[in-house]
Each structure stands twice: as structure tokens, then as C-alpha cells.
Amino acid sequence: MTTPLADVAASGATLRAFLHGLPGVDRVGADQRAKMLGTRSIKTTAKAEAIDLAIRMVDLTTLEGADTPGKVRAMCAKAAHPDPSDPSVPKVAAVCVYPDLVGLAVEALGGSGVKVASVATAFPSGRSSLEVKVADTALAVAAGADEIDMVIDRGAFLAGDYLKVYEEIAAIKAACARPGDEHGAHLKVILETGELATYDNVRRASWLAMLAGGDFIKTSTGKVQPAATLPVTLIMLEAVRDFLAATGRKVGVKPAGGIRTTKDAIKMLVLVNETVGEGWLDPDWFRLGASTLLNDLLMQRQKLATGRYAGPDYFTLD
Amino acid sequence: MFEYAPAPESRDVVDIKPSYGLFIDGEFVDGAGTSFKTVNPATEEALAEVAAASQADVDRAVQAARKAFGAWSAMPGSERAKYLFRIARIIQERSRELAVLETLDNGKPIRESRDVDLPLVAAHFFYYAGWADKLGYAGYGPAPKPLGVAGQVIPWNFPLLMLAWKIAPALACGNTVVLKPAETTPLTALLFAEICRQADLPPGVVNIVTGAGETGAAVVNHPDVNKVAFTGSTEVGRLIARSVAGTGKKVTLELGGKAANVIFDDAAIDQAVEGIVDGIFFNQGHVCCAGSRLLVQESIAEELLESLKRRLSRLRLGDPLDKNTDIGAINSAEQLARVRELSDIGEAEGAERWSPACTLPERGFWFPPTVFTGVAQSHRIARDEVFGPVLAVLTFRTPAEAVEKANNTPYGLSAGVWTEKGSRILWMADRLRAGVVWANTFNKFDPASPFGGYKESGYGREGGRHGLEAYLDV
Amino acid sequence: MSKTEAVRLAVRKTYKLYIGGAFPRSESGRSYAVTSSKGDFLANASKASRKDARDAVSAARKAFPGWSGATAYNRGQILYRIAEMLEGRRAQFVAELTEAGAKKAGDAVDAAVDRLVWYAGWSDKITSVAGAANPVAGPYFNISTPEPTGVVAVVAPADPLLGLVSVVAPVIVTGNTCVVVASERAPLPSITLAEVLATSDLPGGVVNVLTGSVKEIAPWLAAHMDVNAVDLTGVADDDLAVACEQAAAENLKRVLRPSAPDWSADPGLKRMTAFLETKTVWHPTGF
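Chain order of the listed sequences is A, B and C.
Quick note on numbering: the numbering used here labels position 65 of the first sequence as 65, and the sequence is numbered without any gaps.
Quick note on numbering: the numbering used here labels position 205 of the second sequence as 1205, and the sequence is numbered without any gaps.
Quick note on numbering: the numbering used here labels position 183 of the third sequence as 2183, and the sequence is numbered without any gaps.
Among the hints, erroneous ones may be present.
Claimed, not checked - Examples of chain B residues toward chain A, derived with CB under 8 Å:
id	residue
1	PHE1002
2	ASP1015
3	LYS1017
4	GLU1183
5	PRO1368
6	GLY1422
7	SER1423
8	ILE1425
9	THR1441
Said to hold, decoys possible - In silico SDA-like cross-links for lysine to any residue, where the CA-CA straight-line distance does not exceed 20 Å:
id	chain 1	residue 1	chain 2	residue 2
10	A	LYS35	B	LYS1421
11	B	LYS1421	A	THR45
12	A	LYS263	A	THR45
Don't read these hints as lab results, they were simulated from the structure.
Since this is a predicted model, take the numbers as computed values, not measurements.
Each residue gets a CB set at the ideal place from its N, CA and C atoms; glycine is no exception.
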């Protein structure tokens, strides 16, 4: 084997040794760096560009027990045409729904270019057997999901059973394969950083997910607080940067949960820009998982265009 | 690349007068010396004409301070405290104005003057205000007495912050002061004089005399000054220490440094890189405690330097008033010449010089962030204080070697240690001969935390309970 | 006792310098006559040269890492041991001090012993009193501790025992090492004290005692670039004091200026804190 780091997961012991050999993260220092980047002032033309880029990166999400076909159809319409009155507004990257609604979303978005992502693997807790998780994934893939947002087994991770987490991710990655589709569904691995608690764990989980074949690493389910904080996103960006350097494989990052305002979104873009650079400033490599962010982006966009502050009644609630 | 549009802080909040006088006995008065211009180092634009204090002017200022001393020192500490609290509040109220003025006169990025300097200035006054009526509990006896008139000379790197470090404890202890700001950065001190008036501070308690070295010497050598406090170069500190010999004046000196920032192979690398950047490029490296010598464990040197260089290429150099600027202007043509000279020497000595690609503005005083690798202990860039954005990188193999190299300097102001191993931090902190040791962090300041050097970095401490001693007759 | 027995001739002591734990003569080969307060010859004391001063500084520097690195408890034990040894030689000191002109020599020896005991107790307390935990406005652990300044050159006051003990004990108890220029007029008790030091488990070089001309040696010590501080307490000549302070400026030595305190009074902390540096250590607190 010549693939770098190929032997890392040869056993639980080697995997553990590798993950614990990663450089530590000093929490205060990471918080301070993220806070400093949060002070960047993005104005005028830069803000306009950032808003459009952010819209293109949105994974418009609904993950409620009360989700219905009507709700999902409405969201899909919004995803393809976020502001019906302004065709210059780009479409979002994807919609994100539960597996049983994937087929409906695929149908609603047909030909729009907006991708369909589905959460899977006993989302959000991940507390089920591997068989159920694989079946959950297969259901979504078969229904036409372009992307699978799986959750890792945080219990196994916190118990130190890294190999179990690794093997599960690898199994789901295999379940993402689709006949006649060379790449299969893209796999986003949700770390649920709010439950991992330490930044050291966030770094280890990021590497674990990448080693196991994840195409994206994602912060959170949105069901646990804290979710997509700036420092956690920073650490994950550092991880994909270092992983690319170590293996030559590029992995995407998706902060999700708690990103509600344009300001929040732009801070994320600044973080990307100053941590990994322009290579990740693209919906293929960076996504913003959010349910309410889009309207704020649209309002800010209109403010920039008209010079007037916008009001929420002028944007659709879907 | 995601280009950030210009985001300049408005300078309209500041009203710079065409000319400024001296602040003596509560009034702005003309100076007898040859007035001078203070310029914006980022543009070379003259900001204002500033009076220069002659010997006689300094004498008047000292007399005013002496006259005010009786009532000020006799005032209950609780009342002195209230004046200081008032000053702290007014600084907070006018902090944006002060930050912009500091950036204009000094060249430092507005992000730093806004987020670091000004909050610390206000905090310093708040901190020492609280001591004014508690001096009997500070561990210097039941009723420690002030010294009298304090002559204070401060540098240009943190003009208002250094003023706060000097004036707040002096006043809290019941002294009165004559302060000379640096000639390249007098404006915030003069705005501070206005704040003293807004606070109704009794005339003569604070006097500000502007001017160059001669004015400073007149303050330091005035026979009726009881206390000398100086922050600046070791060279001038030496002269002051010599000149006060036999006078009985109490002296505190906060001088130069050549701090080692020691990175072990088990460090939290990303934060260490940030610490290195903060350590040497904060305030353009115009920091006496700057981590100007990077000592990196040889086993990770290459990897660390790669990370550091990548990080440095993201630094944003330019208009100090732009809210996104990381590296501002060098404070003066003179300082720029020194930074250039020492960097050229570094190159001539055989060290490898590197700077990220960055365009320097055409006007003003600018120097790119610069890293020297392949540096030996014997190189001048590893020994002399550059006081600019220039980092000398050396390597070590063992903890003992790191300590030995870190301490191999006549200075002893600060040091940094980066390792995830707790016992090693404490072992290193024990052995580093420096007044401040930042472990897994760098360039942190707080009014509650004593600051000051070992060896040729000076003596006395500023900040905390320890900072009171410098202004009490104990 | 037989009336015919001859009077026994005393075996006199050669008074030498005390450097690095040994008792060498001055490298210069010089000595000077020390007389009693009445003018009677007592002994020839070594007259230290600048090279002796240099050697003493080297010895003090060499001893610094070990002594400053010793536990405070250990330093306290050794200072207490010095007091014990001094007490044991009480009669000898009373005799020497009396010859040097002291009025109440016994009281002086008692006070010197007591002073050593007092300072011995400070070894593991001064850090608590002079240090601080600082409540900074951020997620940082921040602590200030006093550390010894380094090598201290001391010009001892005229009082040859209590004065000497009162300036040396506060310097060394915190971990400094020192070079002491003994009382020029009455150096003999100081050298005898060095014998006490040499037999008290005090590592060689922690205290080095020079006898001779203050005017000749003090400026060399004040100018020495490997000396970190000078205590000019015993410098009686104003011009010499100013010259020493000026020379000390060259490497920013800490300077304790001349004074003539009442050695029987409570010494306070000043003599210890004058030769302590405050080191402040920051560390983030995070998980």
C-alpha cells in the first residue's frame, strides 16, 4: 500500500495511537483566534460577494418531526428560487431532509441543479445498530439523495472505541454507492461537536472521519448546543487543510446549527478564507447548514442593492 | 481570493487641533522650546504642531505638581479614587476617539488600538482607582506614604497605555506627576489632559510636557522630582540610572527585551503559530516584550516554519485605520532605518531572510513581516532588540538547551513556552530568567498582573499590587 | 598547678578570605594590620584585590543555580544551622567583638543568632507574602512569585557581626548568592563568621567574604557585569557611594543605597524584597 496513512486503521491500537498523536488544541488560543477573525469588517462589494457566495453554500434544511410533503415542496421551491422577485439571486447548494422525504425533494427539484441531501444513520442520536444505519442510508441513496449526512456514534467515540466509529463510517460510505453512479452519494460525516466537548476530540473526530472516507466533515445535527461555533469550525478547517497536506485528498467542511444571520455566515467565510484559503470558498467544499439563515441573507442583499433596510414581510417564509 | 473591501474607521470622531501647548497646572500653555510636528507614520502627513517644553517649562510643571502634591496626598484615598474612576469612565466614553487618534499618531492598526490598547487603558485606571483607599492593606505597612512628584517618561509604542501604567498608580498612591510622552506620539496624552479637565482633576496633579530627549532629561534630572519612572530603551535607561545616582530618587525602569518564545515538539501547533505571530507581529513588533527569538525544537522546525509562513502570508498590511489591517506602519523614519539596518545585518551575517509577498504603501514608513532562519546565537539579530516586525528563528534539541539559549541574553523581560506537558511548563517557567513568562499564550496584559524585567530589562514592576511599591515611600 | 610551668604561647589564627567555600589568602599576597579599638595589634587580615573580587563573583555565580534551586525548606534549615553554629561559638565572638571595641558584645552575638533564626523562618514564607495570584480579566491562570535576583555584592556595615548578619541573611535566604566586603576596620569577626558558614552545610560560594579596602574593591564589584545587584549599606563615603551607583547602572544592577539603620530594630522585609525579582506566569485555563 502506498496511500499515505493507509495503515493507520489497521487496528484499534494503531488508530488510537495516531489520533492521540495529533497536535493538541489549546482551547483558549483557538477561541481567541476565532474571535479575532470574527472582528473582520466585510463591507460593500466584499459583503455583496460574500452574501451571494453564502447563498450558494446554503444547505437549506428542515429536520422536524412535523415535516410534511407540503413543507418540503415549499422549501424546495425556495431553494431553487430564493427570491422570486429577483432572478439574480443564486440558488442554494442543497436541501437537507429526512430519508423518507428524499424522493419527494428529488422530484420537486428535478433539473434545478439544487442537490438533495439526506440525514441518515439514526439521525440525530446515531443510537441504533449498524444494520439499521446502513439500511437507513440505502433507503435515502435509493431515493436519489446526492448527499448523505451521517452521524457518528459519539458514545463509541467517547468510550475510546475509535475503530468502531471508523468501521461504521466506512460501512456507510460503502452504502453510499449507487449502481451506474461512479461516485455514489457524497458522504458528510456529522461529528456532533457539542457532544464531543473538547477541541482535542473535535480534531481527532475530524481526522477519524476523513481517514474513514468522509467527503465532508460537518459540525452538528442542529439538535445539540453548542452547534456550529466559530472555533469548532476553525479546528475542522485546520484538519482538512492538514489532511490534504498529508494525503493529497481534499475534504469539505459544513458548519450547521446556529448560523442564523448574515453576520454569522460571513464570519464563517472569513474563517475559511484565512484558514484554508480560496480553495474551499466554493459550495463543493464548504456548506452552511441552516434553516433560517437564507432570509437574512436575502434581506441583507436587498439592503445592499437598494440602500434601504429590508423588512421580513418582503421575503417568503418557507 | 475573497478580497475584503476597504473598511476604514472614520477619523471624523477626532478633532485634531492645528497646534498643542503644554499642560501645566491645569492649563494649556505655550512652550519655550522649538515646537515640532507630529506626523501620521502611515502617510507622513503632519497631524499637528506640538510645543516643546524647555528646562524652564519643565520647572514650572514640577512646581505645579509640587504645589498640588500637598492637597492631593492629604485627600482621603476614597476621594482620589473617585477622580480615577471618573477618568476611567471618560476614557471609556471617548474610547473610539482615543483609539482613532492613537492609530493616526502611532501607526498601529485600529483593531489593536480599539481592542487592546483602549480597553486596557480604562481597565488600568479602574484597577488603581480601587487601590487608592486600600493602600494600608497592600502589604507596605498600615499607612504607606506617597513619594511626592513623579517624573515620568514614556515611549511611543503604546502611548496612551504607557501613560495609564504610569499615571494611574502614581495618582492612586497620592503622588502628582509630570509626564513626558514620546515626541512622535504626543497626541493622546494631550487628549488625556483634556480628560483630566473634564474630570475636574485638581490643577497640577497631572502635568504633560511634550518634547524630545532634552525635555525628558529635564524631567528626570529635576532636583524636585522624587520619583523617576521610565519606559524605553535600555540605552536611555542606563543613562537615567546613572544620572539619579546619589540623588535618593526612587527609580523604576522598564526597558528592552529579546524574548525567547520556546516551542516544544508536543505543542498545540496551530495555537503556537498564532502565539508566534502575536508575539512578534503584534504592534509591528514595537513591543519591548516581543517574542523576537523563536526557539523551536529541531524535530518540528521544518513543519512549524511551513505553518508559520503560510500564516504570515495571510497577514494584512496597510492602512492602520482599516479595521481589517493586521500590520500597520513603523512609527517613525528613524525606527524604520533601524529595523532596515538590523535586517540588512542579519542578511549579511548569513541568516536567510523571508517575507511574505506583500505590497508596501508608497508613502509612510513600512516594513514587511520578516523571518530570519538559520540564525545563530552569535548573530546580531538574535541578540539586539530590533523593535520591529522581525523574527529570528533558532533551534534547540533538549529542554536544558532551550533554557540555556533563552537565558543567554543581557535582557530578561519576557519569555514564552509552548508544550502540552504541564510539568515541563512549570520546569521551564522556573528556569527562564524573565519577569513575565507566557505559557501557551503570549503578549497578554492585565492591570492586575505585574509586569517588568530581570537584568538589563530594568527594575520595578508595573501592574498589580506590586506596581504600588514604585509609588510609595517603602 | 605548678608555679614553674611556662606560660603557654597561643596558637594564633591566620585570617584569610572566604571564597567558594575555601579560605585562600589574597592572590595579591597583601595583608593589613588590624588593631583593637585601643590600637593594639590583633592580626594581619588579607587585603583582597580586584582579582579576588572577580574570583568571588565567579564562585557566587557558580553557586547560584544550586542554591536558588534548593528548596526553601532546605535553605531555612541551613540558615538555622548557621545560627546554631554561631551560638556554639558565642564565647569566641564575644571575645573578638570586645577586642574590636564592642560594649555589649554578648548582646550583639545573641542578637545576631536571633536574627539568623528570624530570617531562617522566612525562607518558606516570603513567597507567600511577596507573591500573588492575580485575577486577570480573561481565561488565564496568573501567578506572581518572587525569585532571587542573582549575585549580590554587599558592602557590609561597620558593625562586624550583627550588621554583617543583618545584611547577608536577607540576601541569601531567598536564594541569592553574595560577595561581601567585610567591615574594613573590624574584619576579624567577619572572617570568623565565615568559619561558621563553612561548617553549617552552606554550599561553598553562596557567601564569599572579602576583607580589605572598601574603596578599592567596591567599585570593581559595582561595575562587574556578572553581578546583578549591589547593597551599598556599608559605604560611608558619599562620593564612593555615588560612583558605585553610577557604575552599577552599566548593567542595570539593583541598588540598595547606603543607610545606617539601627540593627537592633525589626528589619522588615525591605532587605529581602530589594533582591527579589517578581516573575509572573500566565497560562490559559481551558479544557
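Now the hints, each set against the structure:
For PHE1002(B), the interface hint holds, the least distance from its beta-carbon to any beta-carbon of chain A being 4 Å, beneath 8 Å. With 8 Å as the threshold, the beta carbon of ASP1015(B) stays out of range of chain A, its nearest partner Cβ sitting at about 24 Å, so the hint is violated. Interface restraint check for LYS1017(B): the shortest CB-CB distance to chain A comes to about 29 Å, outside 8 Å, so the restraint is violated. Checking GLU1183(B) against chain A by beta carbon gives a least distance of about 32 Å; that is not within 8 Å, so the hint is violated.
At about 18 Å, the closest approach between the beta carbon of PRO1368(B) and any beta carbon in chain A exceeds 8 Å, and the interface hint on this residue is violated. Interface hint status for GLY1422(B): violated, as the beta-carbon distance to the closest one in chain A is roughly 12 Å, over 8 Å. Among the interface hints, the one on SER1423(B) is violated; its C-beta lies about 15 Å from the nearest C-beta in chain A, farther than the 8 Å criterion. The beta carbon of ILE1425(B) is not positioned within 8 Å of any beta carbon in chain A (closest approach about 12 Å), and the interface hint is therefore violated.
The criterion of a C-beta within 8 Å of any C-beta in chain A is met by THR1441(B), whose closest approach is roughly 7 Å, and the hint holds. The straight-line distance between the Cα atoms of LYS35(A) and LYS1421(B) is roughly 26 Å, outside the 20 Å bound, and the hint therefore fails. A distance of roughly 46 Å separates the Cα atoms of LYS1421(B) and THR45(A); the hinted pair therefore is violated under the 20 Å criterion. Restraint check for LYS263(A) and THR45(A): satisfied, since their Cα atoms lie roughly 15 Å apart, inside the 20 Å limit.
Violated hints, in rising order: 2, 3, 4, 5, 6, 7, 8, 10, 11; the structure is consistent with all others.
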